[in-house]
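Residue numbers (my numbering), protein chains in the order written: chain A, 1 to 215; chain B, 1 to 330.
Simulated from the structure, these hints should not be mistaken for laboratory data.
Idealized CB from N, CA, C, for every residue including glycine.
Treat the hints with care, as some may be off.
Partner residues are not named here, just some residues of chain B that face chain A (Cβ under 10 Å, in silico) [to be verified]:
| id | residue |
| --- | --- |
| 1 | P8 |
| 2 | G75 |
| 3 | P82 |
| 4 | Y106 |
| 5 | N112 |
| 6 | R115 |
| 7 | T203 |
| 8 | T205 |
Quick list of in silico lysine to aspartate or glutamate cross-link-like pairs, EDC-like style, CA-CA up to 16 Å [to be verified]:
| id | chain 1 | residue 1 | chain 2 | residue 2 |
| --- | --- | --- | --- | --- |
| 9 | A | K124 | B | D114 |
| 10 | B | K28 | B | E17 |
| 11 | B | K201 | A | D25 |
| 12 | A | K177 | B | E143 |
| 13 | B | K227 | B | E240 |
| 14 | B | K2 | B | D209 |
Simulated restraints on C-beta separations [claimed, not checked]:
| id | chain 1 | residue 1 | chain 2 | residue 2 | range |
| --- | --- | --- | --- | --- | --- |
| 15 | B | G18 | A | N7 | 49 to 57 Å |
| 16 | A | G185 | B | A312 | 38 to 46 Å |
| 17 | A | G185 | B | M1 | 54 to 62 Å |
| 18 | A | A22 | B | T226 | 36 to 44 Å |
| 19 | B | I38 | A | R94 | 51 to 59 Å |
| 20 | A | K2 | B | K201 | 38 to 46 Å |
| 21 | A | G98 | B | D24 | 45 to 53 Å |
| 22 | A | G185 | B | K201 | 19 to 27 Å |
| 23 | B | P321 | A | E58 | 54 to 62 Å |
| 24 | B | D10 | A | G185 | 48 to 56 Å |
| 25 | B | T205 | A | N128 | 28 to 36 Å |
| 26 | B | G18 | A | G150 | 53 to 61 Å |
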Amino acid sequence: MKNIDGNTVSAVLSNVANAIEANKDYLCTLDSEVGDGDHGVSMTIGMRTARRALATLENPSPEIAFRTVAEAFADEVGAASGALYEGAFAAAARAVAGKATLNTTADWAAIYEAIAREMQAIGKAELNDKTLLDAWLPAAQALRTAADEGAPLDEGLRRATAAAWAGVENTRHLIPKRGRASRLGERARGYQDAGATSAWLIIKTIEQSLAPAAE
Amino acid sequence: MKKLINDPFDFVEEMLEGFCAAHDDLIKRVGRRAIARIDAPIPGKVGVVVGGGSGHLPLYTAYVGKGGADAAPAGNIFASPPAKPILEATRAANGGAGVVYFYGNYAGDVLNFDRAAAMAEAEGIRVATVLGTDDVASAPPSEAHNRRGIAGAFLVVKVIGAKAETMADFDAVVATARKANANTRTMGVALTACTVPANGKPTFTIADDEMEVGLGVHGEPGVRRTKVVPVDTIVDELVETILGDLDYTGSDVAVLVNGLGATPYEELYVIYRRVKQILDARRITIRRKYVGEYATSLEMAGASVSLMRLDAELHDLLAMPIHTPMIRQF
Numbered sequence: 001m002k003n004i005d006g007n008t009v010s011a012v013l014s015n016v017a018n019a020i021e022a023n024k025d026y027l028c029t030l031d032s033e034v035g036d037g038d039h040g041v042s043m044t045i046g047m048r049t050a051r052r053a054l055a056t057l058e059n060p061s062p063e064i065a066f067r068t069v070a071e072a073f074a075d076e077v078g079a080a081s082g083a084l085y086e087g088a089f090a091a092a093a094r095a096v097a098g099k100a101t102l103n104t105t106a107d108w109a110a111i112y113e114a115i116a117r118e119m120q121a122i123g124k125a126e127l128n129d130k131t132l133l134d135a136w137l138p139a140a141q142a143l144r145t146a147a148d149e150g151a152p153l154d155e156g157l158r159r160a161t162a163a164a165w166a167g168v169e170n171t172r173h174l175i176p177k178r179g180r181a182s183r184l185g186e187r188a189r190g191y192q193d194a195g196a197t198s199a200w201l202i203i204k205t206i207e208q209s210l211a212p213a214a215e
Numbered sequence: 001m002k003k004l005i006n007d008p009f010d011f012v013e014e015m016l017e018g019f020c021a022a023h024d025d026l027i028k029r030v031g032r033r034a035i036a037r038i039d040a041p042i043p044g045k046v047g048v049v050v051g052g053g054s055g056h057l058p059l060y061t062a063y064v065g066k067g068g069a070d071a072a073p074a075g076n077i078f079a080s081p082p083a084k085p086i087l088e089a090t091r092a093a094n095g096g097a098g099v100v101y102f103y104g105n106y107a108g109d110v111l112n113f114d115r116a117a118a119m120a121e122a123e124g125i126r127v128a129t130v131l132g133t134d135d136v137a138s139a140p141p142s143e144a145h146n147r148r149g150i151a152g153a154f155l156v157v158k159v160i161g162a163k164a165e166t167m168a169d170f171d172a173v174v175a176t177a178r179k180a181n182a183n184t185r186t187m188g189v190a191l192t193a194c195t196v197p198a199n200g201k202p203t204f205t206i207a208d209d210e211m212e213v214g215l216g217v218h219g220e221p222g223v224r225r226t227k228v229v230p231v232d233t234i235v236d237e238l239v240e241t242i243l244g245d246l247d248y249t250g251s252d253v254a255v256l257v258n259g260l261g262a263t264p265y266e267e268l269y270v271i272y273r274r275v276k277q278i279l280d281a282r283r284i285t286i287r288r289k290y291v292g293e294y295a296t297s298l299e300m301a302g303a304s305v306s307l308m309r310l311d312a313e314l315h316d317l318l319a320m321p322i323h324t325p326m327i328r329q330f
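Chain B with its partners taken away, still in its complex shape:
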């Protein structure tokens, strides 16, 4: 393992200390493992709490800010936060209009967020949960609700944050959050594994000439391992799988081409080029586009493609401004 770290067991603590200090104009610490936007809680606004394991920046702590989430707990690397920091984030986000949780569908996250939700409800804070389930490779369409959440979370959080920013009421924010997730699909490919510092060894082994299609963002095995092929062939498979999973015919879409941490932006633009070719040929109109690192897996090499099918509301919410430590849109 070769990393710029001190004691691996201090890694998350030291990362958060630096993250909060670097962005103290935008966010504040509201617990040992929880942060909130600097002006939270905002009276009368529905609070948005997102979160999960660390190791995925900008997801989730750097989604916190104006136009994004109100607060986020941060877990250990790739591990759900405990209920306590989730509760701290919930209190910090609560402006009296209820709090919406959005996080990826993983067993640990569901356990801990559900416990925190029960504690928050006991304190009189209304909580609703929407699970991120965008990874088409993680379960067949018949079990879409069991899918795990990956990079499409960015698009969904962008929508939820914007909706809450309009001072929409609790039920409206929850409904829009569900709609955003239901219209989002992602599929990715990994070229290399990554190493959790406290583990010290890569999460999986993969040959120099191989790739894992449909990977999990924590190094969970994907659907298939195969020789690396030209990127257009890879993108064709990712996008065709997504298009086969949800009817995008004649739709407007948002596209997210996401790097996993060690893939150059240059390669991401090559991928975006191919995505555009495919969608143009299908007469699917790209209305919003994001190319860059929005949800990483430490130093994993690879990328994912997300498509969100847009209606007027989703489009307009994506177009609204956002200003967080790592994401800025005017």
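If we strip away everything but chain A, and leave its shape as in the complex, we get:
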């Protein structure tokens, strides 16, 4: 596994930004089924700004890299997703404060847990409310279990992605409890949640960026 320093974290987060932007229309289409169809736009605005800001950093610490993304969301996005990801990336920055490298499964388990916990605190949603937490919570849990079992980082991240995707698929069976879609009740059942899907994209891109094959 590569040495994951601040520059690597910055590159990973840039990959995440590209992945979100590349999937803008897909996310908007998912959101338009039950929401107002702009989730891909909100995420793209934040990630685009983040990518530009990341590109200006010189040898950032992991903390600074995460904080840069948080600030991009704070300044540019708004919407529920903007507030949630500003808080989530700021929580990630706090979780890695003082660390020069993030080479262990436990490092990333702490990051994912911080993200999921902060989103839960800000959005006051629970598992199965058909929100982005349906991807972040299982991913964080899977990564923590992997860390506790002593699994290597690439395996832990793979398990996190799989858990996130299972969470995304499960949103099809759920009635939304938060956000604009929540007013539709049963009419929203059957649709995949856009917020959970973008969360999975982030989680998957982090895994792929850090996979040994990507070295």
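Position chain B against the provided structure of chain A, taking the given hints into account.
Relative to chain A, chain B alone:
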């Protein structure tokens, strides 16, 4: 997508630049995404901050002005502003007597305005929040507090702005704001969808001969999709639903017939005519009336009807003058 735009991601920025330049006698920029009335903050006056996503003009930035709101943050199209511009608007509106927030009840807005309120309180600015919940189609009466806010916001902001203009104290402004919202009901119908520039595709698809009853102003699905019928039939359903939701018997009311962006004023007057017929037959007295575009959804075609049940105070506050970039009443 066919629009008069440049890069879609620059749309809100360029719109705000033009809006502020065109109305620099009435408003000023107080942040990259926040504006305030030119004479804000007014010492001793309760500040009124309204706001939400862009794409709904005149709502909300064009509600800012004398007799209206003191300041407004502007979000991206149909997306709540972040906490930062809300805080900037709050500071600009703060004349030392506290600040009242009024905005539509949407998850993103609640998240961001609550965060801004906490930041403002930490700076020593007293903040109270009143949520717009006028859309009767968005939740049953038992869950009225969960309803979303739509065009009725104009009537409520008109009342709050006027109340604050009388130099009423903080608690009085908050109480009147709650009363105004509690007495306001709206229901709408959409004939076509609209396109968020950065998205590029319509927010929903609807056949040429169909309409969405009870639509959301961001293209959220309404309660029912059906064939387009004569407008009197549509208005009957909208008004009867509103009248069934709140007891208007023997009341005085304000009526707002609101166009969603691509519906001609001519059609709005046909709608107003029918609303008046229904209310006359019920012996409900129309004391204030507004017909026009007060809360749009980009180029969506359709309209909504709002009724505010009036007491003497609400009536008198609606009758007071207002002068904003897009709304003027003498």
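Hint check results:
Among the interface hints, the one on B:P8 holds; its C-beta lies about 9 Å from the nearest C-beta in chain A, closer than the 10 Å criterion. About 4 Å separates the beta-carbon of B:G75 from the nearest beta-carbon of chain A, less than 10 Å, and the hint is met. Because the smallest distance between the Cβ of B:P82 and any Cβ of chain A comes to about 4 Å, under 10 Å, the interface hint for this residue holds. Below 10 Å, beta-carbon pairs count as interface contacts, and B:Y106 has one with chain A at about 6 Å; its hint therefore holds.
Of the supplied interface hints, the one on B:N112 holds, with its beta-carbon coming within about 5 Å of a beta-carbon of chain A, less than 10 Å. The closest approach between the C-beta of B:R115 and any C-beta of chain A is roughly 6 Å, which is under the 10 Å cut-off, so the hint is satisfied. Here the hint on B:T203 is kept, as its CB sits about 4 Å from the closest CB of chain A, short of 10 Å. For B:T205, the interface hint holds, the least distance from its beta-carbon to any beta-carbon of chain A being 9 Å, beneath 10 Å.
Between A:K124 and B:D114 the alpha-carbon distance is near 13 Å, which keeps this suggested pair within the 16 Å criterion. With a C-alpha separation of about 11 Å, the suggested pair B:K28 and B:E17 falls inside the 16 Å cut-off, and the hint holds. The hinted pair formed by B:K201 and A:D25 meets the criterion: a straight-line CA distance of about 9 Å does not exceed 16 Å. The suggested pairing of A:K177 with B:E143 holds, with an alpha-carbon distance near 14 Å, which does not exceed 16 Å.
Restraint check for B:K227 and B:E240: the C-alpha separation of about 19 Å exceeds 16 Å, so the hint is violated. A threshold of 16 Å between alpha carbons decides the hint, and for B:K2 with B:D209 the separation of about 22 Å lies outside it, so the pair is violated. One distance hint, 49 to 57 Å for the beta-carbon pair B:G18 and A:N7, is violated here, with the actual separation near 41 Å. Remark: the range hint 38 to 46 Å for A:G185 to B:A312 is upheld by a beta-carbon distance near 39 Å.
For A:G185 and B:M1, the Cβ-Cβ distance of about 31 Å falls outside the hinted range of 54 to 62 Å, so the restraint is violated. As the Cβ distance of A:A22 to B:T226 is approximately 38 Å, the hint placing it in 36 to 44 Å holds. Taken as a hint, the range 51 to 59 Å is violated for the pair B:I38 and A:R94, whose Cβ atoms sit roughly 41 Å apart. Checked against the hint of 38 to 46 Å, the pair A:K2 and B:K201 passes, with Cβ atoms roughly 39 Å apart.
For A:G98 paired with B:D24, a C-beta distance near 48 Å keeps the hint of 45 to 53 Å intact. Distance hint check for A:G185 and B:K201: the Cβ-Cβ separation is about 25 Å, which falls inside the suggested range of 19 to 27 Å. Range check, B:P321 to A:E58: Cβ separation about 56 Å, and the 54 to 62 Å hint holds. In this structure the hint that B:D10 and A:G185 lie 48 to 56 Å apart at CB is violated, the actual value being about 38 Å.
For B:T205 and A:N128, the Cβ-Cβ distance of about 29 Å falls inside the hinted range of 28 to 36 Å, so the restraint holds. Hint check: B:G18 to A:G150, Cβ distance near 60 Å, so the stated range 53 to 61 Å holds.
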